[in-house]
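> In order, the protein sequence lines correspond to chains B and X. Going by my numbering, the final residue of the first sequence carries number 566, and the count climbs one at a time with no gaps. Going by my numbering, the final residue of the second sequence carries number 213, and the count climbs one at a time with no gaps.
Be aware that one or more of the hints could be misleading.
Calculated pairs, DMTMM-like style, for lysine to aspartate or glutamate (alpha carbon to alpha carbon, straight line, at most 20 angstroms) [stated by the list, open to error]:
1) B:178 / X:212
2) X:204 / B:190
3) X:90 / B:502
4) X:201 / B:317
Quick partial rundown of chain X residues pointing at chain B, CB under 7 angstroms, derived from the structure [claimed, not checked]:
5) 42
6) 43
7) 91
8) 94
9) 95
10) 98
11) 188
12) 201
13) 202
14) 203
15) 210
16) 212
Stretches of chain B that chain X covers, calculated by requiring three or more beta carbons in the stretch to come under 8 angstroms of a beta carbon on chain X [claimed, not checked]:
17) 39-51
18) 181-195
Don't read these hints as lab results, they were simulated from the structure. Note that beta-carbon positions come from the ideal geometry of N, C-alpha and C, so glycine has one too.
Here is what each chain is made of, one letter per residue.
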Amino acid sequence: MGKILSGGQILMESLINEGVDTIFGYPGGAIMPTYDFLYDYRDRINHVLVRHEQGASHAAEGYARVSGKTGVCLVTSGPGVTNTVTGVADAMIDSTPIVVIAGQVGASLLGSDAFQEVDVVDMMQPVCKWAYQIRDAKDVAWAVSRAFYIASSGRPGPVVLDFAKNAQVEKAEYEPMKVNFIRSYIPVPETDEESIVNAARLINQAERPLVLVGQGVELGYATAELRAFIEKAGMPAGCTLLGLSALPSDHPLNVGMLGMHGSLGSNKMTQKCDLLIAVGMRFDDRITGKLSTYATQAKKIHFDIDPSEINKNVPVDVSVLGDCKTTLPAVTALLEKKEHKEWREAFRPYDEEENRVVIEPQIHPKEGPLRMGEVIRKVSELTQNKAVMVTDVGQNQMMSARYFKFTQCRSVVTSGGMGTMGYGLPAAIGATFGAPERTVCVFLGDGGLQMTIQELGTIMEQGAPVKIILLNNNYLGNVRQWQQLFFRRRYSFTPMLNPDYEKIAEAYNIPCATVIERKDLEAEIEKMVNTPGPYLLQCAIMEEDNVFPMCFPGHDVDDMVLKLED
Amino acid sequence: MMNDNIFASEMSGSSNVPENKISKFPVVNDGKTWYTLIIFSENLAGVLNQITNVFTRRQLNIESLNVSPSGFKGLHRYTVTCRSDFETMKKVVKQIEKKIDVVLARFYTEDHVYVMEQALYKIETSKLIADHDISKAIRKHEAKIVEVNATYSIVSIEGLPSDIVELRHILRDHGCMLQFVSSGIVAVTKSSHEELNSFLKVRKLQKEAITED
Ligand SMILES: Cc1ncc(C[n+]2csc(CCOP(=O)(O)OP(=O)(O)O)c2C)c(N)n1
Chain B
1 MGKILSGGQI
11 LMESLINEGV
21 DTIFGYPGGA
31 IMPTYDFLYD
41 YRDRINHVLV
51 RHEQGASHAA
61 EGYARVSGKT
71 GVCLVTSGPG
81 VTNTVTGVAD
91 AMIDSTPIVV
101 IAGQVGASLL
111 GSDAFQEVDV
121 VDMMQPVCKW
131 AYQIRDAKDV
141 AWAVSRAFYI
151 ASSGRPGPVV
161 LDFAKNAQVE
171 KAEYEPMKVN
181 FIRSYIPVPE
191 TDEESIVNAA
201 RLINQAERPL
211 VLVGQGVELG
221 YATAELRAFI
231 EKAGMPAGCT
241 LLGLSALPSD
251 HPLNVGMLGM
261 HGSLGSNKMT
271 QKCDLLIAVG
281 MRFDDRITGK
291 LSTYATQAKK
301 IHFDIDPSEI
311 NKNVPVDVSV
321 LGDCKTTLPA
331 VTALLEKKEH
341 KEWREAFRPY
351 DEEENRVVIE
361 PQIHPKEGPL
371 RMGEVIRKVS
381 ELTQNKAVMV
391 TDVGQNQMMS
401 ARYFKFTQCR
411 SVVTSGGMGT
421 MGYGLPAAIG
431 ATFGAPERTV
441 CVFLGDGGLQ
451 MTIQELGTIM
461 EQGAPVKIIL
471 LNNNYLGNVR
481 QWQQLFFRRR
491 YSFTPMLNPD
501 YEKIAEAYNI
511 PCATVIERKD
521 LEAEIEKMVN
531 TPGPYLLQCA
541 IMEEDNVFPM
551 CFPGHDVDDM
561 VLKLED
Chain X
1 MMNDNIFASE
11 MSGSSNVPEN
21 KISKFPVVND
31 GKTWYTLIIF
41 SENLAGVLNQ
51 ITNVFTRRQL
61 NIESLNVSPS
71 GFKGLHRYTV
81 TCRSDFETMK
91 KVVKQIEKKI
101 DVVLARFYTE
111 DHVYVMEQAL
121 YKIETSKLIA
131 DHDISKAIRK
141 HEAKIVEVNA
151 TYSIVSIEGL
161 PSDIVELRHI
171 LRDHGCMLQF
181 VSSGIVAVTK
191 SSHEELNSFL
201 KVRKLQKEAI
211 TED
């Protein structure tokens, strides 16, 4: 016979039972009973008070990305939970395990337009993996355990629990529960033996194989298996934005990022390879460019845990369903050792061209204002390429992806599928809790920082050691770039009058410095890295700089523009 | 549940479709095919919304939708008909099956399911009496007149969707229609293999294996 507890207490016990030690939240009417119980659990659950519920959702995402654990948010009903929709949708498209627990009006008031009542389950269902309304205290333990199982298993994703107020206070018997089976849900599909053999055969026959590495490799803890796979068959590999740290940046087989702002070589060779091997990625249009011409010359293999991704955008010859932690080694065992020397050499002229025309002028400019690339690369180097890279969205994101270097997995925290501005700062806070032993650097634009700038308050209160690198170009840079390229330089509402960020940092008691001159850059970054706790480094960036190479939307993926035409 | 056999007709054995068969579904010349989806879910709130949402997102029209308990306790059954193409249906069904509480989702072309539908037509009695073609059509379609009074009559039919639509057209063309309603198409597979049964058996064994260790 278990203990008789209130629903809110059962929630706390269940969270502890799931190994939760940190939650991000914001109280309010409908969740107050639970917050009252939380008060007695402060020694076991660390609650981080954010400044806006969107911040809680992104912090939970950042926490989950770096730790591999499920991030948790606790918010109130109505506006509290609607404020988390962006984070939930973001976690869905980027396969990030979070559980959002939201207060709801009491069951007797449901459907009556009661104060702060909103139809959470219907609102959230299209953007989450599972949503459930808890109306009864005796369902709490089951629902929480089911939520964590669903969020973290198979292809991870967000789960929303809509927690009616009466169920928080009413009592029920509590027995610890562990859901690890749901009849209607098969997190890891069975692998067809034949698909392993067929994949290996195609790889052994291939002369010009190219591997596409997605986040699935990290989510499946299969980075070592991936390396063994590509190394045995000597296959060059490009990474998606979210897959960037699944393979060390300087690995000899790493041919850079794929897609719109990816490396010249990886995109050119996508159209020249004879076999494309996608691992844990979903052929997003930012990767493929024009779909109808995408790698049509090549045979294709797709490793994925989610059957609905197979043939969704790109039809493939062999699909290897299952967990890449087991499928990759199974295929590797059947591979012939190969070097593919000539094929790998073929990337070199493209690398050299990109290096000369794009990379060198970005990371080693001789004159003119600071450029994003040099700042990002310097931060990377001065943190021994070991830091967690968090980004916001825009030019800062693409430049970070291009110029930050990775030596450890789970080092990329960025909003891929949704491109959510305002993600960076709160996600970085979450990352400092998810990986307290690591340095967390967040690169932001002046637009994105201001979308969730209130989280500086959270940073101040928690002393969260977030290294904030503000790449200030006085523009909504990414949109400005598109206006320059596609809208005849008509800068419709992209120039922005900025506040004095030093004063803002000062108000929040966060050490701050501004770099304008190139000669000061290194010393200022060093100072930031060596200052314990949070830090804001503002860099005055060239105002009208552009991210290149670029594959224009709707163009073939190998049709890359390296610089503006004069 | 997920596997790649969402298009289940490969497994359904020979269905002895006669040549020059009459279509069970109304003929629409838009290059699309009629598909029947059969979906099973746990009896939890909100599953129907999740299913219809997959269609909405792709701007697919649901032609008919029927929800009922299934032959299994605690499992609901959805029959959806939709006109589309094979590739789209494959993706739609996979995305439906991906929903946590959906147990099984399959789609079929008309040869692989036994379908039927019920409909009621409320028509003007005066026109029914005046125009013999109306009662001829009713008889030809094996429909029954289940109520007659001075103002209206009710015609009931149970049959193929194509017949029901045909009779609707005729009655409408004769200007006697007051109301029309149909139940939505229901369907069972013609296969001699009961996939849901085997699936549930396998899952039961898997569950036992998990709880044992
Ligand atoms: C919430 C949200 N609103 C709008 C956009 C569209 N958008 C994408 S990038 C961008 C500009 C970002 O400007 P800034 O934050 O200054 O970064 P920069 O591109 O200059 O590095 C905008 C407005 C978005 N991605 N997210």
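> Please go over all the hints and tell whether each is borne out by the structure.
How the hints compare with the structure:
no., hint, verdict
1, B:178 / X:212, "14 angstroms, holds"
2, X:204 / B:190, "16 angstroms, holds"
3, X:90 / B:502, "55 angstroms, violated"
4, X:201 / B:317, "32 angstroms, violated"
5, 42, "5 angstroms, holds"
6, 43, "11 angstroms, violated"
7, 91, "6 angstroms, holds"
8, 94, "4 angstroms, holds"
9, 95, "5 angstroms, holds"
10, 98, "5 angstroms, holds"
11, 188, "21 angstroms, violated"
12, 201, "11 angstroms, violated"
13, 202, "10 angstroms, violated"
14, 203, "5 angstroms, holds"
15, 210, "5 angstroms, holds"
16, 212, "12 angstroms, violated"
17, 39-51, "violated (count 0)"
18, 181-195, "holds (count 8)"
Hint violations for this structure: numbers 3, 4, 6, 11, 12, 13, 16 and 17, all remaining hints satisfied.
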